[in-house]
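Peer 1: Sequence:
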Amino acid sequence: MTMAPTVSRYLDNHSVHYRVIPHEHSATSRESAHKADVREDRVAKAILLKDEQGMVMVVIPASSGLDMRAVRDETGRNQLEMVSESEFGNIFSDCELGALPPLGQAYGLTTLVDTGLDSRDTIYLESGDHESLVALDGEDFDRLMATSRHCNLSRDWW
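Residue numbering for the sequence shown follows this note's numbering, starting at 149 and increasing by one per position.
These are calculated hints, taken from the structure and not from any lab test.
Warning: the hint list may mix true and false statements.
Claimed, not checked - Per label pair, the in silico range of CB-to-CB distance:
id	residue 1	residue 2	range
1	234	287	35 to 43 Å
2	287	227	34 to 42 Å
3	168	287	13 to 21 Å
4	200	287	34 to 42 Å
5	173	234	18 to 26 Å
6	173	299	27 to 35 Å
7	185	225	36 to 44 Å
8	162	267	28 to 36 Å
9	173	224	34 to 42 Å
Glycine included, each C-beta is placed from N, C-alpha and C at the ideal position.
Make a model of the complete structure from these sequences and hints.
Peer 2: The following block contains the structure:
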């Protein structure tokens, strides 16, 4: 599979210049970073959460883990839980299972962005498959995420 059509359309509609970086098959954003030879803290990882109010996408650096307490504090939604991969297909029908592009807005999702991704020179995104990343200018990423809430939502792995 190649880049998800929703992702390429969204980037094109917002006049974002990008390049696709192919890599060997990977199962996680951290693994994608290693296989594409890019820094983990430059890869935006998407995590999908849900509760009775609906779904929320949280975007954090691949080098970090999600801080659920921070997400709950920020949203006031105490019942948010991770969505199982089997539920992704309804929303991300043009993506391979588990290859979530961190562009929730393109899929109609409320999106929260970790401040650790703000003001980077280059950001890398999952493209919707397990064999490529999308590289874009950090300013373009900041512009795409301008309507999302930016807050501290992650913690270091160590």
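Peer 1: Of the hints stated earlier, which fail here?
Peer 2: 8
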